[in-house]
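From first to last, the protein sequence lines stand for chains U and Y.
Residues 8 to 213 (our numbering) make up the first sequence, in order.
Residues 8 to 213 (our numbering) make up the second sequence, in order.
These are computed hints drawn from the structure, not numbers from a lab.
Don't be surprised by glycine CBs; every beta carbon is placed ideally from N, CA and C.
Hints are supplied without guarantee of correctness; some may be wrong.
[As the list claims (entries may be wrong)] Below, computed lysine to aspartate or glutamate pairings styled on EDC-like, alpha-carbon distance capped at 20 Å:
1) U:Lys204 / Y:Glu201
2) Y:Lys210 / U:Asp140
3) U:Lys204 / Y:Glu197
4) U:Lys127 / Y:Glu197
5) U:Lys178 / Y:Asp164
6) Y:Lys204 / U:Glu201
7) U:Lys183 / Y:Asp137
8) U:Lys205 / Y:Glu197
9) U:Lys204 / Y:Glu211
10) U:Lys183 / Y:Asp140
11) Y:Lys155 / Y:Asp137
12) Y:Lys205 / U:Glu197
13) U:Lys210 / Y:Asp139
14) Y:Lys183 / U:Asp164
15) U:Lys205 / Y:Glu201
16) U:Lys127 / Y:Asp137
17) Y:Lys178 / U:Asp137
18) U:Lys183 / Y:Asp164
[As the list claims (entries may be wrong)] Here chain Y is said to cover these stretches of chain U; the calculated rule only asks that three of the stretch's residues, wherever they fall, bring their Cβ under 8 Å from a Cβ of chain Y:
19) 121-135
20) 169-183
21) 195-208
Protein chains: 2
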Amino acid sequence: MNTIITISREFGSGGHQIGKKLAEILEIPFYDKEIIEKSAKDSGICKEFFEEHDEKYTNSLLYSLVVGNYSMTADGRLNPEMPMNQKIFLAQFDTIKNLAREGACVIVGRCADYVLSERKDTLSVFISADMDDRKQRVAQRCDIKENKLFDFINKNDKKRANYYNFYTDRKWGTAKNYDLCINSSSLGIEGAVELIKKAIEIKENT
Amino acid sequence: MNTIITISREFGSGGHQIGKKLAEILEIPFYDKEIIEKSAKDSGICKEFFEEHDEKYTNSLLYSLVVGNYSMTADGRLNPEMPMNQKIFLAQFDTIKNLAREGACVIVGRCADYVLSERKDTLSVFISADMDDRKQRVAQRCDIKENKLFDFINKNDKKRANYYNFYTDRKWGTAKNYDLCINSSSLGIEGAVELIKKAIEIKENT
Chain U
8 MNTIITISRE FGSGGHQIGK KLAEILEIPF YDKEIIEKSA KDSGICKEFF EEHDEKYTNS
68 LLYSLVVGNY SMTADGRLNP EMPMNQKIFL AQFDTIKNLA REGACVIVGR CADYVLSERK
128 DTLSVFISAD MDDRKQRVAQ RCDIKENKLF DFINKNDKKR ANYYNFYTDR KWGTAKNYDL
188 CINSSSLGIE GAVELIKKAI EIKENT
Chain Y
8 MNTIITISRE FGSGGHQIGK KLAEILEIPF YDKEIIEKSA KDSGICKEFF EEHDEKYTNS
68 LLYSLVVGNY SMTADGRLNP EMPMNQKIFL AQFDTIKNLA REGACVIVGR CADYVLSERK
128 DTLSVFISAD MDDRKQRVAQ RCDIKENKLF DFINKNDKKR ANYYNFYTDR KWGTAKNYDL
188 CINSSSLGIE GAVELIKKAI EIKENT
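The shape of chain U in the complex, shown without the other chains (with noise of 0.2 Å):
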């Protein structure tokens, strides 16, 4: 098994619970949040800023004067440095393709499938879910009334899409993205780890 797996995910869809058991069972290492973490020490940028920006778009002019990505010139004219939302990106990307140098392991979120799209030792996942599930487990993880569920999944998934859509030239959760697309709802969280299992066997003999 020498395969890298991204696992991109709807919000609530359970894509994190599904990379977690997959790399269990596999006997890889699996990297979430954790990506975070290493970004921040290998670059050299504080942490929070990475917490803040993570797999978030912002490219509003008056933030990144507040946050001091744009100075003045000597005439007066705005001088863009590079936008902080960006050092993070580029910093999450060196981290992620130095990750997949070390071997197999599982990647959830942050663009790994269009980062390591180049190479062939990869299976991108895209896992997707029925409203009613997302909810639920969502409402289990998050204190959120119930009728607030529908706008704040709604929103997260679009914080997700904005980010996909601004770095890649691709469209999130479009099916011809990725390798294999899985509804959880109808496969269950143990059927879509044996799914990936399977499609792993199938890519390393193909």
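Let chain U serve as the given structure and place chain Y on it in line with the hints.
For chain Y alone, kept in the frame of chain U given last:
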């Protein structure tokens, strides 16, 4: 095995081939263009009309006037009757519902995933593939110049997408609409068949 498998597919992705092989292995009926014949027979609408409108969506007033879908009322206004393409969609809709009632089968295209979405015993699959593989596959069966292949493939994808997006409340090729999406370039034709078989097993045991 009592699952009905619906296959949506990018043009030239091998979806037809995958569906046919799967049906052979599972020893269940396979329907692609066969639906046209059956719908024509069941509905009494001329088969040639089905062929003309197959997975195409035509919404132009001019077209409707030409084929006589609009007649004039006594006071000179346009009197819309049901356009032929909608009649044909509904006839195919009935045929697909009836075929599913007969038991396990593979149905390719024609919004079958949407038509049967309320049945729990279906597995909806979407097949995509890399453009180079699609070009090669299309070149083998159509007499088209190499420099025209890209446009020809995209035009046919667009037709399928327009048809699907018009008749359903979904978006063609969006991962979340399907139980399973497979890139046949990554996993191969045989691999895709194997993976769908595995997904059926998982779904039937869940």
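Count the residues of the stretch 195-208 of chain U whose CB lies closer than 8 Å to any CB of chain Y, then report whether that count reaches three. Three-residue rule met by the stretch 195-208 of chain U, so holds; n is 6.
Do at least three Cβ atoms from the stretch 169-183 of chain U come closer than 8 Å to Cβ atoms of chain Y? With 4 residues in contact (Cβ-Cβ under 8 Å with chain Y), the coverage given for the stretch 169-183 of chain U holds.
Compare the distance between the alpha carbons of Lys205 (chain U) and Glu201 (chain Y) with 20 Å, and conclude whether the hinted pair is satisfied. holds, 9 Å
What's the verdict on Lys204 (chain U) and Glu211 (chain Y), does the C-alpha distance respect the 20 Å limit or exceed it? Given that 20 Å is the threshold and the Cα spacing comes to 18 Å, the pair holds.
Would the hint linking Lys127 (chain U) and Glu197 (chain Y) be met if the CA-CA limit is 20 Å? Holds: Lys127 (chain U) and Glu197 (chain Y) sit about 19 Å apart, inside 20 Å.
Mind checking the alpha carbons of Lys178 (chain Y) and Asp137 (chain U) for me, to see if they're no more than 20 Å apart? Roughly 15 Å separates the two Cα atoms, so the pair holds.
Lys204 (chain U) and Glu201 (chain Y) were given as a pair; does the straight-line alpha-carbon distance stay at or below 20 Å? holds, 13 Å
Could you grab the alpha-carbon distance between Lys127 (chain U) and Asp137 (chain Y) and see if it respects the 20 Å cut-off? holds, 13 Å
Please verify whether Lys205 (chain Y) and Glu197 (chain U) have alpha carbons no more than 20 Å apart. holds, 13 Å
For the stretch 121-135 of chain U, do at least 3 residues have a Cβ located nearer than 8 Å to some Cβ of chain Y? Result for this restraint: holds, n = 3.
Given the hint that Lys155 (chain Y) pairs with Asp137 (chain Y), test it: the Cα-Cα distance must not exceed 20 Å. Given pair Lys155 (chain Y), Asp137 (chain Y) holds - Cα atoms ~17 Å apart, limit 20 Å.
Verify the proposed pairing of Lys210 (chain U) with Asp139 (chain Y), using a straight-line Cα cut of 20 Å. holds, 18 Å
Hint violations for this structure: none, all hints satisfied.
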